[in-house]
Structures are given as structure tokens and as C-alpha cells.
Amino acid sequence: MADTPPPGRSPDQPADAASLPTGAGVPAVIENSVPAVQGTPAPIDVSARRLNEDEFDQPNPTLAGFAAGFGLTFSTMFKKVYTQQYPFEVFPTAPRYHGRHVLNRHPDGLEKCVGCELCAWACPADAIYVEGGDNTEEARFSPGERYGKVYQINYLRCIFCGLCIEACPTRSLTMSNEYELALDNRQDLIYTKEQLMAPLLPGMEAPPHPMRLGDEKAYYTPRPQKGAPQREANVAGKPITGHAIEVGGHHA
Amino acid sequence: MGLEEKLPDGILLASVEGLVNWTRKSSLWPVTFGLACCAIEMMTFGAPRFDSARFGMEVFRPSPRQADLMIVAGRVSQKMAPVVRQIYDQMAEPRWVIAMGVCASSGGMFNNYAIVQGVDHIIPVDMYLPGCPPRPEMLIDAILKLHHKISNEPLGPKRAAKLAGQKVELVPSSQKFAKVRHGASEEAGND
Chain A
1 MADTPPPGRS PDQPADAASL PTGAGVPAVI ENSVPAVQGT PAPIDVSARR LNEDEFDQPN
61 PTLAGFAAGF GLTFSTMFKK VYTQQYPFEV FPTAPRYHGR HVLNRHPDGL EKCVGCELCA
121 WACPADAIYV EGGDNTEEAR FSPGERYGKV YQINYLRCIF CGLCIEACPT RSLTMSNEYE
181 LALDNRQDLI YTKEQLMAPL LPGMEAPPHP MRLGDEKAYY TPRPQKGAPQ REANVAGKPI
241 TGHAIEVGGH HA
Chain B
1001 MGLEEKLPDG ILLASVEGLV NWTRKSSLWP VTFGLACCAI EMMTFGAPRF DSARFGMEVF
1061 RPSPRQADLM IVAGRVSQKM APVVRQIYDQ MAEPRWVIAM GVCASSGGMF NNYAIVQGVD
1121 HIIPVDMYLP GCPPRPEMLI DAILKLHHKI SNEPLGPKRA AKLAGQKVEL VPSSQKFAKV
1181 RHGASEEAGN D
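Protein chains in written order, with the numbering used here: chain A, 1 to 252; chain B, 1001 to 1191.
By construction, these hints were calculated from the structure, which means they are not laboratory data.
Please read all numbers here as calculations on a predicted model, not as lab measurements.
Quick reminder that beta carbons are idealized off the backbone N, C-alpha and C, glycines included.
A few of these clues could be false.
Quick partial rundown of chain A residues pointing at chain B, CB under 7 Å, derived from the structure [as the list claims (entries may be wrong)]: (1) P107; (2) G109; (3) Y155; (4) E180; (5) L181; (6) Q187; (7) I190.
If you anchor each label on the Cβ, the simulated ranges turn out as follows [as the list claims (entries may be wrong)]: (8) B:R1049 - A:L201: 30 to 40 Å; (9) A:D134 - B:S1027: 55 to 65 Å; (10) A:G71 - B:L1007: 51 to 61 Å; (11) B:P1008 - A:E89: 44 to 54 Å; (12) A:G71 - B:A1081: 48 to 58 Å; (13) B:E1093 - A:L200: 40 to 50 Å; (14) B:K1162 - A:F78: 51 to 61 Å; (15) B:L1019 - A:L200: 39 to 49 Å; (16) A:F74 - B:K1162: 52 to 62 Å; (17) B:P1157 - A:K79: 46 to 56 Å; (18) A:L200 - B:T1044: 30 to 40 Å; (19) A:A64 - B:P1124: 53 to 63 Å.
Could you build the full structure based on these sequences and the hints that come with them?
In C-alpha cells, the structure reads:
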């Protein structure tokens, strides 16, 4: 804007009062500051001309102008501090925040995962690796025919989109609200089944053990009620600790 | 890493180590290095709501010589890789790197020919931060874990040899520092 001079004035000539429009938007101080320079062409009608940007930005060196500017700054001293003191004060996430995963259990402790690999198929980032295994009468881990023998999620690939959760037919896989996952090596960020399994609540028994709640049908018929709170996702909201790093592991 | 490695025998550095590490971790100046969407969260981290100035790192340096920390925020394309390396090389030692987000850490969902599969292929990484993108709290958590790592750094090769094999635990920041916990999540949503 500033590079196009107004008509009747060469670029190197200072803006004088005659070429400036008077009235709204222009401070009164300028009006009678500089007299019209002799020899300049007769001022054309500038009332229709739009103000240049630098003309808008004329300072307002009055006391009221300073008071308005500094007053705004000063008034923030009486406003509430906006900063969230995160590590010292922890704010909850949205209730359905996509944090790290949990592999849930049936009320008797058997795993809900049946090793179908649908989560791995749904994953757009190929972050999930599942190997199914066969349940036997001697060693039963889940009510169905099969169970997830190996279950790994690579958190350096996972984008927390939740498509695996939608794909899971038994609601075995859900997400917790936990998010503090940073670690200093890639290997430990591949979470294994032991890290992902929900903890054993009172009344649960670590598999393998036979089905305690009746036949397979009894396990699978009660679908999650529509409208029922989705509590199981937060069962294992406890952060995983115990990750130790080598002293002096800094390479540079 | 620095001058301390050139020191001759017989100079006691007992609590200098703690002091040096404290100064290093208390003013980690990050170099401006936003590459993609993670940079938006990184900017939020510097803005008033999360206020990185609380950790002595308010100003993102546009000049690598004045920076100690590179937060690689976003996917690194093959074309960008030499630039990342050059900026890293221009930073003065000691220097640290956080790979922010899954793309910088491992390539993330972009498992293809255009993206470097993890920035640790070109520069050494000290902290990997999952998430797509990670929320600013996750970045603060990663930085505080890095602080913990720095404050346990041995000073000089002799000290490093003495401490070799020892380990320090990385505790989630909310467990380590939280004094106040604001109300738990509202009753979880429905299916």
C-alpha cells in the first residue's frame, strides 16, 4: 500500500497537510503542522481517495492515546492467569480422549481378545501386530476358540485414530485417557500384551483357567448396553512405569 | 561433550556435575524446527496456555548456534533430511533432540518412499514422543523427561565410565510433579 504515492506528490516528497484529507481518521495535530508547499500542483479532490496504510497508522500522541494503549496492558494485571500449570496441576482430558490402548478382561479374568486380527487389518499405520493361538481345555485364555497369543502395538506408528477400537468385535480393545508416553528408545515403545492387558480387578483370576460364567454364549450375549457408561476403557488408566534409561546414553 | 572432557587428571568435579547439569537443563533453548502439523502443537506449547517459559525455554531460536534442543516436529521428507542434518550440525554442543510425533519418530503412517522412516536415521534422538500430533502436555512430559535425563548426565568420560550400566527411571510427569488434580473426566460417553 505504502509504495503507491497519492496523486500530485512524488514518492520522495514528504506528505504535506494539503494532500491529506481532513476529518475522521486523521489526528487533528497534523492539520496545521506543515503549510502547503509552493509550486505543487493544485490539490485534486482527495475526498474520494482511500487513505494509505501509513496514513492510518499515524500515532496519536495525546495523553488519552497513551492511556488507552498502556491501560489495556495494565488491565491484564487484574485478569486471571490463563496458563495451565500442567505437570503441577493436571487437567482431565475429554472423556473419550484417544490415549493408549487397553486390552480388557471378562469379569472372571479371561481375556476378551479372540485373536481375530481385525484391529491389525483396520490399522492405517500398520502399528498392531497380532498372532492368534488356540485355546485348549487345559489352557484357556479367552472364552472363544482362539486368543491373542502375541499382541503388540507400536506407539511410534500408532496415530491414535481409534479405527482398531471400532473394528474390535468383542470390545476387547479400548483406549484409556493416558498420554504420557515419551521414552528414549524405539524398542520400549512397542508395547507388548503384558503392558496392554487391563489389571486384574478383585474377583478376577489370571488366565489360563476354565470359563467361570457359563458357556461361551453367556460370555458373548450381553452386548454393551446402549447408553451405559463406557467405564471399561478407563480400567487401566494407570500409567505404565518402570522404564529405566541408561545413564550417559546421550550420544552427541 | 565440552571442556570437561579435556581436563587433566586430579581435578575434582564432585558437585560441579550437578551444577552443570542443572544449568543445562534449566535453559534448554529450542531451535525453530516445525515441519508439519506437530509444529502447531509445538507453538501452543510456547503460547500462554502452556507457556514454555516456565521451563526456561521461552524463545524458539531461529539461529542454530544459540540453540541446545531441536524439536523435530513433523514428518521429515527425504528432501528435508540434509537440511535437518545441517541445522543439527550447526548447533553447538551439548545438544539434544526430541523426535516429536510418530512421523519424526518412525515415519508413522507414512511408510513410503518420500518420508524418512524416523529422524534417528540422520541425527541421534534423545527422546521419542508418540502421538499424532501429541498434545502440548505430551511435549511438556517429554521435555521434563529429557530434563531428568540431562540432570543424570555424567560429566566427562571418567565419570561416564564409573556410572556405566546404571539406570534412571523415567516417571510420567503427572505422577512425579502433580500437586493438584482437577476433576476427573466427566462420566464417560456412550457408545
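To see whether the hints hold, each was checked on the structure:
Taken as an interface hint, P107 of chain A does not check out: its beta carbon lies about 18 Å from the nearest beta carbon of chain B, beyond 7 Å. Taken as an interface hint, G109 of chain A does not check out: its beta carbon lies about 23 Å from the nearest beta carbon of chain B, beyond 7 Å. Checking Y155 of chain A against chain B by beta carbon gives a least distance of about 4 Å; that is within 7 Å, so the hint holds. Proximity of E180 of chain A to chain B holds as hinted, the smallest CB-CB distance being about 4 Å (cut-off 7 Å).
Proximity of L181 of chain A to chain B holds as hinted, the smallest CB-CB distance being about 5 Å (cut-off 7 Å). The criterion of a C-beta within 7 Å of any C-beta in chain B is not met by Q187 of chain A, whose closest approach is roughly 10 Å, and the hint is violated. Because the smallest distance between the Cβ of I190 of chain A and any Cβ of chain B comes to about 10 Å, over 7 Å, the interface hint for this residue is violated. Separated by about 36 Å at the C-beta atoms, R1049 of chain B and L201 of chain A satisfy the suggested range of 30 to 40 Å.
For D134 of chain A paired with S1027 of chain B, a C-beta distance near 58 Å keeps the hint of 55 to 65 Å intact. Hint check: G71 of chain A to L1007 of chain B, Cβ distance near 56 Å, so the stated range 51 to 61 Å holds. About 48 Å separates the C-beta atoms of P1008 of chain B and E89 of chain A, a value consistent with the hinted range of 44 to 54 Å. For G71 of chain A and A1081 of chain B, the hinted distance range of 48 to 58 Å is satisfied, since their beta carbons lie about 51 Å from each other.
Judged by the Cβ atoms, the range 40 to 50 Å given for E1093 of chain B and L200 of chain A holds: they are separated by roughly 48 Å. Against the hinted window of 51 to 61 Å, the Cβ-Cβ separation of K1162 of chain B and F78 of chain A comes to about 54 Å, which satisfies the hint. Between L1019 of chain B and L200 of chain A the CB atoms are about 46 Å apart, so this pair conforms to the stated range of 39 to 49 Å. For F74 of chain A and K1162 of chain B, the Cβ-Cβ distance of about 55 Å falls inside the hinted range of 52 to 62 Å, so the restraint holds.
Here the CB-CB span from P1157 of chain B to K79 of chain A is close to 52 Å, well matched to the stated 46 to 56 Å. Our hint of 30 to 40 Å for L200 of chain A and T1044 of chain B holds, since their Cβ atoms are close to 38 Å apart. The hinted range of 53 to 63 Å is satisfied by A64 of chain A and P1124 of chain B, whose Cβ atoms lie roughly 58 Å apart.
Going through the hint list in order, the structure does not satisfy hints 1, 2, 6, 7.
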